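Can you build the whole structure from these sequences, using the hints too?
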Amino acid sequence: MEDLNQVLQQRRKKAGEMADLGVELYPNTFKPAHHIIDILPQDVRDDHELPLQEGEKVIAGRIIAMRKFGKAAFLQIQDESGRGQVYIKKSAVGEESFKVFNKLDIGDLAGFHGTLFRTQKGEPTLHVSSFKLITKSLRPLPEKFHGLTDVEIRYRQRYVDLIVNPEVRETFRKRVEIIRLMREFLVSRQFMEVETPMMHPIAGGATAKPFQTHHNALDMDLYLRVAPELYLKRLLVGGFERVFEINRNFRNEGLSTRHNPEFTMLEFYQAYATYAELMDLTEEMVTSICQKVNGTLEINFEEQQVDLTAPWQRFTMDEALEQVGGIDPAILADPAQIMALATEKGLQLEKKSGPGKAKMELFDLLVEEKLINPTFITAYPTEVSPLARRNDDNPDVTDRFELFVTGRELANGFSELNDPVDQCERLEKQVAERGEDEEIFPEVDYDFVRALEYGMPPAAGEGIGIDRLAMLLTNAPSIRDVILFPHMKPEKG
RNA sequence: GGGCCGUUAACUCAGCUGGUAGAGUAUCUGACUUUUAAUCAGAGAGUCGCGCGUUCGAGCCGCGCACGGCCCA
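Residue numbers (this note's numbering): 1 to 493.
It should be emphasised that the hints constitute simulated quantities derived from the structure, not laboratory data. No false leads were mixed into what you were given.
Calculated pairs, DSS-like style, for lysine-lysine (alpha carbon to alpha carbon, straight line, at most 27 Å): (1) Lys71 to Lys90; (2) Lys68 to Lys121; (3) Lys429 to Lys209; (4) Lys89 to Lys132; (5) Lys14 to Lys103; (6) Lys90 to Lys14; (7) Lys144 to Lys89; (8) Lys370 to Lys345; (9) Lys103 to Lys90; (10) Lys352 to Lys429; (11) Lys13 to Lys99; (12) Lys121 to Lys144; (13) Lys13 to Lys132; (14) Lys99 to Lys71; (15) Lys121 to Lys71; (16) Lys99 to Lys89; (17) Lys103 to Lys31.
Since we're looking at a predicted model, the values are computed, not measured.
Here's what the structure looks like:
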């Protein structure tokens, strides 16, 4: 505490002086009766003719600016609803009280009683009759004009970011609203929200590096889930026909503007539905959410203009490679030529990879980033879709789609494979072909196979990345802008 | 993991060819009873991310490390 800088020392000194004046620094007795937005709303502020509400008003909030004039002062107060102005003068609150007022700092939480009036410039203002310190702040807020812009501090000390950057609060309100609307949409369609384990004995449901942990009493290793898929499907076996889960997945991989080690996914499964129906559902869900959250389906995402108006473009994988990627259809039809093309493009394919994997790599390279407006890609190679149902007419591809917007994958869905024998073979094949990456722990979930043996109804399921959807709808360039407390390395090494 | 960039007062940023630290805001003191980034006068405030090196001398040059950003894998 000896090395506190000057500003922090001043704050502590003032706090002590207030205590000496008999002021309680952290009381919990003040009850605000109004939100600032309700008594000082924007339309009243804009129209100087509109009448103000009568009677005594009681607000509480953080002091974010002070303009003092000796015997009077204007304060800018911020509560959850917004910002508003209060006016305090010595003659109105009394000498003793004004002494306390002069010890208040920017950043303190305080409560105010008063009545509304308009200043000479027309700004609606609370004329304070009495006030009370609610919480003393011992740290100064960032400078008022530029605010807090250092992204490292913004992420590490999100609380400060939220105090001083209103648009950040707005982004997270939108995120919460997106999730609320998503729930509402699914519940209204008779989906049931469920919770499945976050700790898995087998890291299944997706190919990703898991976080490992250990249960001491049971002396067993566990993995934080990389996907809830295999548990949600068990529920279909159990007889729940429409289930969804909105929760965190964990992947022990690199960080980027699009990846956080823990991220939020919606996964949902609908019995007797096909992937084609889920594409329709996705269109309807995302457009309705966007319309409600943003009031429009036009999005400016970074430099790009995106139009979410349905229907969305649909391509098969081969169509996309041909029409967007510019690959000759004759090459696409010939596995050997596809492999050769991938090599020619400099793609590093593992020995066991086949033409399906090669197509995926070519898609990532040549097509993905060009899909700006929402686009469904269908007919994914069976080779890269271990949990998806084969197409009835062409067993080399699956009844699967992925949704791309602004060059990013937003959703992945498919008609579910419910043939236990086929499923078991594919999982075993997948395990057999892995092994080069020691950070992936390949194991077949035989209990899942057993569940399928009891019979899972035909179904379709889908996952939607909530963080990426929130990025799209709030025009956030980094996933860290839509996660309240993104992962950071420790401050001191 | 690789490349590039950044880290200077609480915040936002300057800092020349290497010569020993600057501004605005915030803070403190004084003036001021309708301000709007209030104004006016004055003052204090720094481990220049950390370490090592080069040099008579390093915020600045070199090497290493930490954290962060962007791009790539």
